[in-house]
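Taken in order, the sequence shown gives residues 1 to 180; the numbers are from the UniProt record's numbering.
With a straight-line Cα cutoff of 25 Å, these simulated SDA-like cross-link-like pairs (lysine to any residue) come out:
id, residue 1, residue 2
1, Lys178, Asp71
2, Lys37, Asp154
3, Lys147, Ile64
4, Lys163, Glu103
5, Lys37, Gln26
6, Lys82, Glu175
7, Lys39, Met1
8, Lys82, Ser53
9, Lys163, Leu73
Just the calculated beta-carbon pair ranges, DEER-fashion:
id, residue 1, residue 2, range
10, His31, Asn99, 15 to 25 Å
11, Ser34, Asn133, 27 to 37 Å
12, Ile131, Ser88, 22 to 32 Å
13, Ile101, His31, 12 to 22 Å
14, Lys155, Asn16, 12 to 22 Å
Simulated from the structure, these hints should not be mistaken for laboratory data.
We put the beta carbon where it would ideally sit given N, CA and C, even for glycine.
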Amino acid sequence: METENNLLNLLLKSPNSESIRTIAEQLEIDHNFSFSKDKNDLQGVWELRWSSSNSPFLKYSPFIDNLQILDPLNLNGLNLLKPRGIKSIIGTGILIRLNYIDEKKIGVKFTHAGVIGPKFGRKNIKAMKEINNEQLGWLEITYLSNKLRICRGDKGTLFVLRKINSTTLFKNFKEFLKSI
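Work out the full structure: start from the sequences and follow the hints.
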């Protein structure tokens, strides 16, 4: 628990610290995630705080929320880049369809991508396009708690995400899915 708290503090105070990888890898060593046992804990809003990728879209920014909203019970998800501080589903998004691969790996299929605007009446203004060329990947969950998720992608990228307590964003996500 102390190691997890140290990592969370580092992610919040020094999100570009070189120590993040080492601490994340320490947490991965003894963790025993199981999709069938832990899938309820995956549900919710996750903020990407650090990744080993060089892609600017997978790096922490103080101005952008880089979120992944997961609903593993219904096998849906959304990767969302949005202005920090806004509680709505606004920004650039990629819808994800999840599938069970094994107890540690979750398959992802990117289904729609585009811009999601503010609500106008009861629906979001959106320009989401179906992705025609099949885009597949997977995530191996290597550490999960009620505050932190560490996973590795199919290209070897290490991701460290912090759980955000936002029932509003999760509810907005569920409503948004109905409009697709």
